[in-house]
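Residue numbers (our numbering), protein chains in the order written: chain V, 1 to 256; chain R, 1 to 662.
Calculated directly from the structure, the hints in this document are not laboratory data. Where is the CB? At the ideal position from N, CA and C, for every residue including glycine. Fair warning: there could be bad hints in the mix.
DSS-like mimics (lysine-lysine), calculated; alpha carbons at most 30 angstroms apart, straight line [as the list claims (entries may be wrong)]:
no.	chain 1	residue 1	chain 2	residue 2
1	R	Lys273	V	Lys173
2	R	Lys279	V	Lys164
3	V	Lys214	V	Lys184
4	V	Lys173	R	Lys271
5	V	Lys184	R	Lys262
6	V	Lys184	R	Lys277
7	V	Lys173	R	Lys279
8	R	Lys285	R	Lys271
9	R	Lys592	V	Lys184
Partial list, computed: chain R residues near chain V (C-beta under 8 angstroms) [said to hold, decoys possible]:
no.	residue
10	Arg107
11	Pro111
12	Ser215
13	Lys273
14	Val275
15	His281
16	Ser282
17	Glu292
18	Arg293
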Amino acid sequence: MLTTTPYLTIRRPSPTTAEFTLTTCPPLTLRLRAALFGVLCLRFIAVLSAIIGIYSAFFHPSGLLPPPIFPSGRITLLDFELNNFLLHILHLLYVSAPGQSIASLATSLPPYAVLALSAITAYIALFARIHTTESLLVLRGLGIQMSSNVGGGYFRLGGGTYMKRTRFIPTEKIQDILINEAFKGFEVRYYLVIVVEGEEDVVVCFPRLLPRRKIVERVWRGARGCLYEKDGPVMSAGAGGGSTHNGNWRGGNEKG
Amino acid sequence: MSQSLAKECNELKERYDTCFLKWYSEKYLRGTGTEQNNECSELFKQYSSCLQGAWHRQAAGRGPGRTQGQRLDIHEQEEITDLLRALSDWLLASELSVMPEDDGLMRVFWPTDLPRSDCRGVVVGWRNSALDVLVVAVLEEVEPRRVESALKLGNLLRNAPHPVSRIYEQCGKSSISVLGVSNTPDTVEVDSSWIRVTIPPKQRVPSVTCARASSIQIILFERPLPGRMQYMSLDPIALALGDKHDGFRQDFADSGEEDDEKRERLNKEAKRKLVEKLKQHSVVKRIPSPKERALPTIINQINWAWELEKLLQQNVSRIGTRPKRALSVSERVVESATTARDMILVWLWDMITIYVLPVIKKLFVLGLMAHRVVAEMLLRILEWRLRPRYAALKDISATAQQVEIRLQQFCYWPMQYVTLRLRKNDWASVTTSHPDYIRFYNSLWLVANDVIIGMAFGSYIIDNADWVANEISRLLTTYTVEALQSSISWLMGWPAGLKLNTELAAFLGDLFLWVIEYWASGIRYELRDTQDIGTTCNDNNPLRQHPSTSVIALHPIPLDFKSMFYQYFQMGNRIRKHYLSPRVAMCLLMGKFVPPLNRKNLYSLQYSMLPAKRAGVMEMWDALNSLPASKRKSMPVQVPILANGRNRFPSNYGGGRSRSYG
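Just chain R, same shape as in the assembly (with noise of 0.2 angstroms):
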């Protein structure tokens, strides 16, 4: 900053900068400064009221002529221009904080799979901020003033098979608005905040107009299916749990580190070391605007879209008078033949879920118990150690560690079937029990694996015993055995002509002959298994563009094979590291003992699907118990619709205007 004009401001000039860039740099660019400017208003006053009173001081002492010099002059103006600087900073900084995002830029989110039609039609969805709006639903032959009025009253969620609440608030908002029109003349007058849509029959982009923007970014997007299960996120879904690493670590840090894991740990920290460093390079940190940070609520908004939709278009009914076709009579016949099929249809399986199935479920949740308790058991002796530094028996037996881990994955099941349970009392679009209704399935699809796998082998073994036997003998008698000892006789010759002390190679070629026929005698070999999983998910990821409003489409993008068997390489990895290093080739050369893979390194991946601490016996007791009982389908009670054209009713039951086709 430059110096004042007058020598006399000069401390308070900086005391206002200092103020200003304070409150400019830590709340304004923050997003913070949602007040207007008071803290430095108040220095401003003093230093402005200051420089005119210099200002008039000097003018007075110079007189009228005022001819004091240029270089006054250029200081004066450098004065005022840092002056006019701070304030118009000050004014427009205020300014934003009233409007903080209008940049003109409209955004909307669009649904390419609605029903489209050449009705006239209101839009219906959530608007995120004034510019930034997505699409919900498209509201035909209905009044936009109606269906903001029921919105208001919440007609259009009538009905609703779980609790309303919970769609506002995983979607952020606190109501669903009525967007714009779609298919309306430009002669009807709306609301300059509002949207206009025209759907051409055709094409996949629908033209949006809104008086309020200056450009469009429409963004299409493919409802995921909540009923398959497919949702938008940002991230890949990770399946690893998250909870329990910490707990693991320590395990490992008991066992000891091995080298090459301590340097990777170094390597890793030095990285962070030198990123985090990076980090501090950006010099102004920059707000996002509310635009941005609205990203996750809309992933959440399109999540949801699909049910949300059904819902509303369900009630449409209720504030409109969509054409709707009566039955005809021999729809009527057909409907009620259908209903006296199905009544005793409903009466049998009532008898068996009144009686029969409370039973088995009784039966089952015992049996699942006591298994549970036997587990229990089992664990505790297999975890128990004598001593807190002690290796425990799951430590020193790889059957052990595997029986462990089986009776680990059962104990985690039926909670897991629990959570998965209670996903079917909620709407589906909740999307955060996915990943453990993959985790689920893919442990017990795991286990069947190995079943599979292992019956099918071990069964190729039993049948084909002598001769896996002879073959495997043969192989290691040929390399591990002949080879070397035909090498050696050789070396006790006359090697490639060369004429060795032929007493000293004798007894050493006799004394590793020896230790070859010793060897060969009681060869072992050990065969160990691991198994992984591999995963899907949806990302999404924005491609295409149009001139003058952008259009942008949002594509799911299959996991890349890579990611899928992440933790198939991670392993292949781990197993590489350790034995295609430097170091294995060194042991080799100097006929060290190769230390073979830490068992733990390899099942960290299997114990990374289940929870650190695992449930305790009651507390699945009361799980099991917490179920819901199903469901019985009642019959559905019939709530009169209004003015759906159904002859059942009065035709203008409820004062709608109602039209029935016949």
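Here chain V stands alone, though its shape is the one from the complex (with noise of 0.2 angstroms):
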């Protein structure tokens, strides 16, 4: 439900340019962004949880109640500072039923069973990534750009973007855009390589979905013809025969 088949949207803002996005991300439903929301407060009660843990492991390995912070029970002015709130919050939390709980969990266990399991459960719960969203941002004339989403991605909820992690290929060092075959396990992947000039290693587009073939000779055709062809690209999503590899391109310029 959170997640669908990584799907390619094609955004062209001007004909010398175009955004190649594959994700897994379906479109923001109502739905969607419930269920979203749902995760974020999964995660935020996760990594709670994983601060009071620690907190009664180290600083009331009895399991004692400890006395209130703010013995009176209401904060005024004065005192506010934000360690003692904090603190404050804290021990509310503690002190609540599944503060309690989760208490008596981490004072049976060694402190520092407790310290690894919550730093864990912290990491997950603040880096796991539901979706994967890859981008080609092809600029003629520029160059082409790489992105792919990195941290959590909570922005996602209110429809923003994602962090992301990017790499851009200057025009000049592209030698050539081609579909390779791999295989994994037991089938065979087509994905798309840029063959960068000076470079040991050739760059794969894509690299954490690899997409199906149809997909990729899209992009491929796209990316191509927004980056050489000089009307702009040929945006035919079929025909794709068994030639469509590499090579039969020819230079642009040969159109006129």
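Reconstruct the complex from the two isolated chains, following the hints.
Here it is in structure tokens:
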């Protein structure tokens, strides 16, 4: 429900630019937003319980209820200090029923196990990625920028973008873009590679998703068209014969 | 290629075809076919005349009816289309070689941080090709004509702190040109290649039109500030020195490669071959258009944009009438008062710089030289080998190696410093020495770090010597002596209810207990440390789009964590590969000695920061003496600035249309 098989969206803001985005995130419907919100809450709870676990294991190992920081139970402006305030909140959480159950669990384990467990929980909760989005931005005369999302992608809920890791390859360095095939397990995968001059490795596009051949071919055609051809890309998606691999294509200048 | 219509022309056709294809693929597609397709035109003429002759003969032979049949007709048509194609190709090619890249797409690089105003202005910058421009400055309230002539005469680059030719050399163009006008109504006639820019007051993106361009790509960039050593580059900066790897490899070859290293090298080789094969797949090598080839130059121009704009704006007053306010009376009083105070300070400072500083400098240089000589002697000792294949002292002892590295670093510093000082004599936009700068301070910082951490650690150990020693010995006895002893005693009895050969078990147990006893009496441990560097750098990277005219913004992206601590990761990798391998597990199981990681492997990261061959003593002496004497701030010579509205000069000085506000 949260993810789909990777699908391709093409954005063409101008004839000289094209962005091919491959994502596993389905279109943002209300249901998806609700589900994402649920996931966000879960993440929050997980992080909180990790903190409470550490708090109870290292600060109250005896499992006894500690005295509250603000004895009166009310916070006045006078003793409002961030540290105290945070401690107070932590204390309130600790005293609450779910907090107590976590605390009893934490005190039953050795403190180092609690530390490791909490750290792992917090790490997963903070950085686990639900969706994978990879994109290829082609700019005529400039180059190709590849990007893929990193981090938890919290802003996706509000329709925002992801944090991205990008790499830019200037056109001058691009020797060729071609489709190659490789074995992965018992299947053959077709993937798009950019051959970069003066680099010892070829650059694989969409390395994480490795989309199906149809998508790869579409991106290949679009990218070549946008990058090299004079009158913009040929966006015919079908017509995929076996001969579309590499070669066949001749310099864009031929057409005039 | 199909056969020719007339048999007698087959040979000619083939010759022409091969010639044309050869020219097309080898010259024209690589962009070297600038001259007309001369080689083949002769062949083409022969072929076409042959064909025409054959045609006439055939037509005559067949008579007026020409009813020979469909087949021939089709053949004919093929021939003609073939011919036409070749002809059009040829024409196109020759046409294109004259106008190589006129695809109607204009590329405008625009600095977002240009000061903006509603005044009319002239846009000045680099014209990399007809439709590829980079804006450097918008000069306000001046006539485009005058700007053009001033640029030709070089008036706008007067009073440059450093040689102007350097700008042209670095930016790859021979002149700055007028690119267009800004905020000018459409009624004003301009050249068709000029751009018209309107800068809306609140928006980031200017609207640009050009008569010649069918579509426009605006690329926004924030100018890197050379004063802060910001610059853009297509590749992340490399901090390891590039010159040394060959020499260093040989060092390794001496000591004999280890298995995993060899395997790694073979893997790499295999991979390289594979990639090489993949690279062969591209059939037609596309020649990059001039626009694409210009990218590195443009990056340089972007790096220069800030300084150049400063210079241009400083000189605008020479040609125009930019309204400037004169100083009021009170301001002048303040000015003269500050001048009087400054005079005394300047005098004092002069005294110091003339009499005291040179002496200190000389002493410092002499001290450095003395240090260098001592270092040279020590290094000679450390590196001395009895025979070329024998180990030197630094290869045998870790301490010697440590000393050697430090000495090398000390020897390299003055040279680095000299390079950095020379940087000041050039434009700040020259970015070649920035990695040097980072390298220099990095290595200073690393040494400082080592000292700080060493002192902190040392003083901690000295203060808590007893506790630390007790703690370590307790840990060691618990885990390496007592645990073993107890398990052996357990084995000597009836372990898990198994009855063993009591005598043999007692004998073996005693033997091992004795070995452990012996080991416990002489526990030694060794600590080693290594350290490395992290870096940051800018990389450029386009992002945003807009309809019709596409707008692209360049954003600096911070180096990600992994590449910042690349060397740490590399070292971690090396250690992991060495110790977390099946080989080590096998060694542990078989009770064999696990070979420690070669010290050289760890130190190689440090050596990569040092030049392969250190500068000699005399070289250093020359370098230190070649340092230019720090320029004394001479009192600025008051060059009469033409018509900038100051009251000191008659307002019509220089004949400009000057205005002055009170």
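Exercise. Going back to the hint list, which numbers does this structure go against?
Worked result: Those not satisfied are hints 9, 11 and 13.
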